[in-house]
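**Student:** So you can see what is in the structure, the chains are spelled out below.
Number of protein chains: 2
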Amino acid sequence: MPEKENLTYLPNPEATELLPQLTLDCTVLGFHQDQLRVLLLRWKGTQEWSLPGGPVRQTESVDEAAYRILKERTGLDQIYLQQFEVFGEVIRYNLSEIKNKLEHLIDPALWYNRAVSIGYYALVEYSKVNPAPDLYTDECQWWEIKDLPALLFDHNKIIEAALKALRRQLNWQPVGINLLPEKFTMPELQRLYEAILNRPLDPRNFHRKILSLNILERLTERRKGGAFKSPYLYRFNKEKYEAALEEGNLSFI
Amino acid sequence: MPEKENLTYLPNPEATELLPQLTLDCTVLGFHQDQLRVLLLRWKGTQEWSLPGGPVRQTESVDEAAYRILKERTGLDQIYLQQFEVFGEVIRYNLSEIKNKLEHLIDPALWYNRAVSIGYYALVEYSKVNPAPDLYTDECQWWEIKDLPALLFDHNKIIEAALKALRRQLNWQPVGINLLPEKFTMPELQRLYEAILNRPLDPRNFHRKILSLNILERLTERRKGGAFKSPYLYRFNKEKYEAALEEGNLSFI
Numbered sequence: 013m014p015e016k017e018n019l020t021y022l023p024n025p026e027a028t029e030l031l032p033q034l035t036l037d038c039t040v041l042g043f044h045q046d047q048l049r050v051l052l053l054r055w056k057g058t059q060e061w062s063l064p065g066g067p068v069r070q071t072e073s074v075d076e077a078a079y080r081i082l083k084e085r086t087g088l089d090q091i092y093l094q095q096f097e098v099f100g101e102v103i104r105y106n107l108s109e110i111k112n113k114l115e116h117l118i119d120p121a122l123w124y125n126r127a128v129s130i131g132y133y134a135l136v137e138y139s140k141v142n143p144a145p146d147l148y149t150d151e152c153q154w155w156e157i158k159d160l161p162a163l164l165f166d167h168n169k170i171i172e173a174a175l176k177a178l179r180r181q182l183n184w185q186p187v188g189i190n191l192l193p194e195k196f197t198m199p200e201l202q203r204l205y206e207a208i209l210n211r212p213l214d215p216r217n218f219h220r221k222i223l224s225l226n227i228l229e230r231l232t233e234r235r236k237g238g239a240f241k242s243p244y245l246y247r248f249n250k251e252k253y254e255a256a257l258e259e260g261n262l263s264f265i
Numbered sequence: 013m014p015e016k017e018n019l020t021y022l023p024n025p026e027a028t029e030l031l032p033q034l035t036l037d038c039t040v041l042g043f044h045q046d047q048l049r050v051l052l053l054r055w056k057g058t059q060e061w062s063l064p065g066g067p068v069r070q071t072e073s074v075d076e077a078a079y080r081i082l083k084e085r086t087g088l089d090q091i092y093l094q095q096f097e098v099f100g101e102v103i104r105y106n107l108s109e110i111k112n113k114l115e116h117l118i119d120p121a122l123w124y125n126r127a128v129s130i131g132y133y134a135l136v137e138y139s140k141v142n143p144a145p146d147l148y149t150d151e152c153q154w155w156e157i158k159d160l161p162a163l164l165f166d167h168n169k170i171i172e173a174a175l176k177a178l179r180r181q182l183n184w185q186p187v188g189i190n191l192l193p194e195k196f197t198m199p200e201l202q203r204l205y206e207a208i209l210n211r212p213l214d215p216r217n218f219h220r221k222i223l224s225l226n227i228l229e230r231l232t233e234r235r236k237g238g239a240f241k242s243p244y245l246y247r248f249n250k251e252k253y254e255a256a257l258e259e260g261n262l263s264f265i
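So the protein sequences, as listed, match chains A and B. First residue of the first sequence? That's 13 in my numbering, and the numbers climb one at a time after it. First residue of the second sequence? That's 13 in my numbering, and the numbers climb one at a time after it.
Please keep in mind that the hints were generated in silico from the structure rather than gathered at the bench. Careful, some of the hints might be misleading.
Since the list gives no way to pick one copy over another, a pair counts as held whenever it fits inside one copy or between any two copies.
As the list claims (entries may be wrong) - In the DMTMM-like style, the derived pairs of lysine to aspartate or glutamate whose C-alpha atoms are separated by at most 25 Å in a straight line are:
(1) Lys140 to Glu109
(2) Lys113 to Glu200
(3) Lys241 to Glu97
(4) Lys83 to Glu101
(5) Lys111 to Glu72
(6) Lys221 to Glu258
(7) Lys56 to Glu115
(8) Lys158 to Glu258
(9) Lys169 to Glu254
(10) Lys236 to Glu101
(11) Lys113 to Glu206
(12) Lys241 to Glu60
(13) Lys252 to Glu60
(14) Lys250 to Glu200
(15) Lys176 to Asp214
(16) Lys176 to Glu97
Produce the entire structure from the sequences given, and follow the hints as far as they go.
**Tutor:** Right under this line is the structure:
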């Protein structure tokens, strides 16, 4: 593998600090009160919302750019981001509409070029993050996924695509370790899966299938204070969970 | 959705015909004589091989670019291509090495800039395609995936990543309709899955699991002329296969 020092081999005087016409957008999902939520930014002096995103620098990988941009724009750090799709249509949204809405904030010349956007998504534990807005925005807020406003750019479409990718992930990788508290009941885990799939699941089948993934540990502790019989608490076995993330739960083993 | 006519809204005089610093590479996989093979190009006057790839035009989507580039560089048409990963490291390969090897073919100035590459893969029926080289290349040839030469750029790494993505696909989507002839036996289908996964599978489990996907039709016809008992022939049910491609074979239904 070549070394980073090779960068000195790139003396192109025309290269700007940013990769031209390449951006990325982050769909950050959290789970709270049985609802899947997404983190949105409200642009300064407007009622316009969008995903946190931005351009890639010449000196960073696209993955590094995703972590930097998420941190700069929301204050969130140490969150695992995953590429899921490239949004590469020639016309992704109505440019003149965006220009009118945001020209008080950003040099309109920046809107003239088409940009390809790399979509990333992240799953975070809602209670552990304290998002904060950046220079361009007044507010950084969680929104219920089933009750989103009309977003800037093609961001409603990007969120839909992120959810589709997450539903696919349920077929071969576990989901939940960053979306639930450390200890949870089987019905709580089921409600997370139901929120992602957006449909009810049969409790008995769910119980059997999720246990067959062999990533859960049942604790001796039970949930107290409910109206019915106290259910067992579970937690993820971190090692097995990580291995399943890496290798997938292959149906054809 | 905005219309393509909005393109006239993009009068930026600095925009060139190509998106700067954005390319794509196509890993085209075929299956022949129990081996998974990949289509490679040999550059004119060299012994250097690479995947078919190229830059994206301002006037086409990245998906359109992938189809155009594959056709221009290999003659292949009407092949379903699928995005699987963005290769966005700052240093993806040794630039001076590439410059030395290819400067007789391409303006060296073009090598000075870092490029992000979008990886696509395709699965094709080996017997039905007749690939042909382009202006830059002398030869377009199938190579056994387990016996590849050292390729230009980071293309060995891209092929590895394509295989990893294809193995994941086996968890939620069927594979085979473009890799096998119309009628095939269960052992032939198993050998395809074994070639993709690169490990042996238990015939009885494979038989049971693949039938449970509900995408195969058993024909009354049997394979004749073999040394042993003639096995049944199968074919894919196109409608059910397409539906499974679209929706995935969800484990959590």
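**Student:** All the hints need checking, so say for each whether the structure fits it.
**Tutor:** Results of checking the hints against the structure:
| no. | hint | result |
| --- | --- | --- |
| 1 | Lys140 to Glu109 | neither (36 Å within a copy, 47 Å between copies) |
| 2 | Lys113 to Glu200 | neither (41 Å within a copy, 58 Å between copies) |
| 3 | Lys241 to Glu97 | neither (44 Å within a copy, 47 Å between copies) |
| 4 | Lys83 to Glu101 | between (27 Å within a copy, 20 Å between copies) |
| 5 | Lys111 to Glu72 | between (28 Å within a copy, 22 Å between copies) |
| 6 | Lys221 to Glu258 | both (19 Å within a copy, 23 Å between copies) |
| 7 | Lys56 to Glu115 | within (11 Å within a copy, 49 Å between copies) |
| 8 | Lys158 to Glu258 | between (30 Å within a copy, 23 Å between copies) |
| 9 | Lys169 to Glu254 | between (30 Å within a copy, 23 Å between copies) |
| 10 | Lys236 to Glu101 | neither (52 Å within a copy, 50 Å between copies) |
| 11 | Lys113 to Glu206 | neither (36 Å within a copy, 54 Å between copies) |
| 12 | Lys241 to Glu60 | neither (46 Å within a copy, 69 Å between copies) |
| 13 | Lys252 to Glu60 | neither (42 Å within a copy, 42 Å between copies) |
| 14 | Lys250 to Glu200 | within (18 Å within a copy, 38 Å between copies) |
| 15 | Lys176 to Asp214 | within (21 Å within a copy, 32 Å between copies) |
| 16 | Lys176 to Glu97 | both (10 Å within a copy, 16 Å between copies) |
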